[in-house]
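Let's have the full structure, built from the sequences with the hints guiding it.
Read top to bottom, the protein sequences are chains R and P. Here the first sequence is numbered in the UniProt record's numbering, starting from 1 and rising by one per residue. Here the second sequence is numbered in the UniProt record's numbering, starting from 1 and rising by one per residue.
Be a bit skeptical, because a hint or two may be false.
Repeated chains share a single entry, so a pair holds when one copy, or any two copies, can fit it.
Stated by the list, open to error - The calculated lysine to aspartate or glutamate pairs, modelled on EDC-like cross-linking and capped at a C-alpha distance of 20 Å, are:
1. K241 to E309
2. K31 to E122
3. K31 to D128
4. K143 to D334
5. K213 to E125
6. K212 to E161
7. K31 to E125
8. K241 to E302
9. K143 to D75
10. K143 to E53
11. K143 to E106
12. K213 to D286
Source of the hints: derived by calculation from the structure; they are not laboratory data.
2 protein chains.
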Amino acid sequence: MSEDKISMNHGAGGEVMANLIASTILDNITKKSVNGGISLDALDDGASIPIGEDYELVLTTDGHTIDPLFFPGGDIGRISAAGTINDVSVMGARPLAISNAIIMQEGFPIEDLDRIIKSLNEACEEVDVAVITGDTKVMPQDKLEGIVMVTTGLGIAKKGEVVRDSTLEVGDKIIVTGSLGDHGMSLMSFREGFGFETDLKSDVAPMWNIIKKALEIGGVTAMKDPTRGGFANAINEMASKSGVGVVLEQEAIPIKEEVHAVSEMLGIDPFEVANEGKVVMGVKADKAEAILEAIKNEKYGENAAIIGEVVEGDYVVVNTPIGGERILEAPIADPVPRVC
Amino acid sequence: MSEDKISMNHGAGGEVMANLIASTILDNITKKSVNGGISLDALDDGASIPIGEDYELVLTTDGHTIDPLFFPGGDIGRISAAGTINDVSVMGARPLAISNAIIMQEGFPIEDLDRIIKSLNEACEEVDVAVITGDTKVMPQDKLEGIVMVTTGLGIAKKGEVVRDSTLEVGDKIIVTGSLGDHGMSLMSFREGFGFETDLKSDVAPMWNIIKKALEIGGVTAMKDPTRGGFANAINEMASKSGVGVVLEQEAIPIKEEVHAVSEMLGIDPFEVANEGKVVMGVKADKAEAILEAIKNEKYGENAAIIGEVVEGDYVVVNTPIGGERILEAPIADPVPRVC
Numbered sequence: 001m002s003e004d005k006i007s008m009n010h011g012a013g014g015e016v017m018a019n020l021i022a023s024t025i026l027d028n029i030t031k032k033s034v035n036g037g038i039s040l041d042a043l044d045d046g047a048s049i050p051i052g053e054d055y056e057l058v059l060t061t062d063g064h065t066i067d068p069l070f071f072p073g074g075d076i077g078r079i080s081a082a083g084t085i086n087d088v089s090v091m092g093a094r095p096l097a098i099s100n101a102i103i104m105q106e107g108f109p110i111e112d113l114d115r116i117i118k119s120l121n122e123a124c125e126e127v128d129v130a131v132i133t134g135d136t137k138v139m140p141q142d143k144l145e146g147i148v149m150v151t152t153g154l155g156i157a158k159k160g161e162v163v164r165d166s167t168l169e170v171g172d173k174i175i176v177t178g179s180l181g182d183h184g185m186s187l188m189s190f191r192e193g194f195g196f197e198t199d200l201k202s203d204v205a206p207m208w209n210i211i212k213k214a215l216e217i218g219g220v221t222a223m224k225d226p227t228r229g230g231f232a233n234a235i236n237e238m239a240s241k242s243g244v245g246v247v248l249e250q251e252a253i254p255i256k257e258e259v260h261a262v263s264e265m266l267g268i269d270p271f272e273v274a275n276e277g278k279v280v281m282g283v284k285a286d287k288a289e290a291i292l293e294a295i296k297n298e299k300y301g302e303n304a305a306i307i308g309e310v311v312e313g314d315y316v317v318v319n320t321p322i323g324g325e326r327i328l329e330a331p332i333a334d335p336v337p338r339v340c
Numbered sequence: 001m002s003e004d005k006i007s008m009n010h011g012a013g014g015e016v017m018a019n020l021i022a023s024t025i026l027d028n029i030t031k032k033s034v035n036g037g038i039s040l041d042a043l044d045d046g047a048s049i050p051i052g053e054d055y056e057l058v059l060t061t062d063g064h065t066i067d068p069l070f071f072p073g074g075d076i077g078r079i080s081a082a083g084t085i086n087d088v089s090v091m092g093a094r095p096l097a098i099s100n101a102i103i104m105q106e107g108f109p110i111e112d113l114d115r116i117i118k119s120l121n122e123a124c125e126e127v128d129v130a131v132i133t134g135d136t137k138v139m140p141q142d143k144l145e146g147i148v149m150v151t152t153g154l155g156i157a158k159k160g161e162v163v164r165d166s167t168l169e170v171g172d173k174i175i176v177t178g179s180l181g182d183h184g185m186s187l188m189s190f191r192e193g194f195g196f197e198t199d200l201k202s203d204v205a206p207m208w209n210i211i212k213k214a215l216e217i218g219g220v221t222a223m224k225d226p227t228r229g230g231f232a233n234a235i236n237e238m239a240s241k242s243g244v245g246v247v248l249e250q251e252a253i254p255i256k257e258e259v260h261a262v263s264e265m266l267g268i269d270p271f272e273v274a275n276e277g278k279v280v281m282g283v284k285a286d287k288a289e290a291i292l293e294a295i296k297n298e299k300y301g302e303n304a305a306i307i308g309e310v311v312e313g314d315y316v317v318v319n320t321p322i323g324g325e326r327i328l329e330a331p332i333a334d335p336v337p338r339v340c
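Structure representation (structure tokens):
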């Protein structure tokens, strides 16, 4: 792997990717924000643009290169819609609309395209989001295998109510809206051929209805969706950008039995794989119980839990059930299954 | 070519593509507009969302799959920025910001990525557009060759001032902002190895400064940028969506000598290939001269011309210099060079 070529790790959401983005993207762009809104430099889930006196728009984009295209619990259509809706939602903005660019190979089955678009639509319907514009390109089959979709989301918040991933405050409680690792672990077990032995499914889902309830209660200080790099990446990014530490109670963190089982089979940490229907929230301590209750009453929220709190410090620490503690670090690269 | 597989023509911008989009995209999406704005169904260059009392947002997206990545006059970076900026601009909206999703193969040269992003930035700088958010994905080299970029543009207009491609009115004059066919013909001659014999370059450029001048004068009734399918596709789409005919004077339509020459070598109609730095406008007859004058004084506008007018009818007709007339039809598929 030469230093001057792109490697798979440059797209893995870790430090290698962050360095590439800093040197080839951020350094080359002159204008990175509009009207004092959230800038490209923030590398948040999206950016924002204040409009007029009352509103702040949120714009976010995501390229979807899923393998396989169809998997237990979802497909590239559902993930394209939910992923972008969630990126807008964790910024505290009501998702209004998405655009959808499709790039597919010559020879792609039209039946599969139809199924993918139906699935994308279902996820949008759940949270009343419109698909207002798109683009379709076809590439020769020796240049692209399968289909790639890029969805861009547009949302709106009242001015000053946009939520960042960098604004955790000491004393905040940390909430996760459900069990961690479902998407990544189910996808990997499916790929490795263990799919038939487990009921494990991707959690891919639009999170706006849950987030809306939390925002209505108030006291949400920071949010992020733990996709690439998993929960380990999300919580570390939130902590380091906020200049705080986090202490988590391992026993409080919801992880499904099947995820534990697959995790041991594959030798992969469930904290390091993507979730596609979960939110990590920092909330004011005095609102934590009310927010938790509201989330639990929503679809996709039944396994929500308060899993720790924000402290002064530089690390994310997990207290283990037997009284020990370990530092939870952000993964450097995508996990690779340790199977023969 | 079986009917149930995607073919290259499904991405070529013609009728085959329109049918695919109608059956697999439009029919499958439930909510296609927000707040009564321009809908996905309109298949305009973008969609719009009215916000508050005063504004209308324009959102547009475009996937760029260029071969080769670098060509005379530009590269995939410049085309990604300009293409999206132009789609927003022809809707009569001031382009504010773009998002940029990059999908590239493992092994892609970082130096090329750097050059591409610098080039994207230059086009944005020309019209003061910000790059506020993005995404980077890497695919294995057996799944993708090269790089694909999807840019989404966000623009803003005063409420009621958005311009459509379907609102030509009988009596309007048709203006093109410069010579037709430069991009497609230069790209094709470069691909066929004739690049060294000609000075022909792509026209790829952001058009906002020109469009802004025309909008300031007033009387612009409809606009479109003649990209995929070329001028022939753009003018036919404008006419048929508006329910009018168009009569053009062939001698008035600006086409460069080199484009004519390459056109004859390759056996391709210059009206059927993409332009990346041109606008087709319908304007009120009494404003046409003033708008033309303003455009000619702007960068990229020196060859602008009034080329015809809108009439009652169903066809786009071209009057030839020898007194004949021919119907200009929209191309059904991408042109293929007739060279051995």
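Now for the hints, and whether the structure bears them out:
1. Taking identical chains as interchangeable, the C-alpha atoms of K241 and E309 lie at most 20 Å apart only when both belong to the same chain, with a minimum of 16 Å there against 58 Å between chains.
2. For the homomeric pair K31 and E122, the shortest alpha-carbon distance between copies (10 Å) is at most 20 Å, but the shortest distance inside one copy (36 Å) is not.
3. In this assembly of identical chains, the alpha carbons of K31 and D128 lie at most 20 Å apart only when taken from different copies (8 Å versus 33 Å within one copy).
4. In this assembly of identical chains, K143 and D334 lie within 20 Å of each other by CA distance solely across copies; the values are 18 Å between and 24 Å within a copy.
5. For a Cα distance limit of 20 Å, the shortest separation of K213 from E125 inside one copy, 18 Å, qualifies, whereas the shortest one across copies, 41 Å, does not.
6. Proximity of K212 to E161 under the C-alpha cut-off of 20 Å is restricted to the intra-copy arrangement: shortest distance 12 Å within a copy versus 33 Å between copies.
7. Taking CA atoms no more than 20 Å apart as the test, K31 paired with E125 passes between copies only; the shortest distance there is 8 Å, against 35 Å inside one copy.
8. For a Cα distance limit of 20 Å, the shortest separation of K241 from E302 qualifies neither inside one copy, at 29 Å, nor across copies, at 50 Å.
9. When the C-alpha separation of K143 and D75 is checked against a cutoff of 20 Å, the pair qualifies only between copies, where the shortest distance is 18 Å, while the shortest distance within a copy is 22 Å.
10. Taking CA atoms no more than 20 Å apart as the test, K143 paired with E53 passes in neither setting, with 47 Å inside one copy and 47 Å between copies.
11. In this assembly of identical chains, the alpha carbons of K143 and E106 lie at most 20 Å apart whether taken from the same copy (9 Å) or from different copies (13 Å).
12. When the C-alpha separation of K213 and D286 is checked against a cutoff of 20 Å, the pair qualifies only within one copy, where the shortest distance is 16 Å, while the shortest distance between copies is 55 Å.
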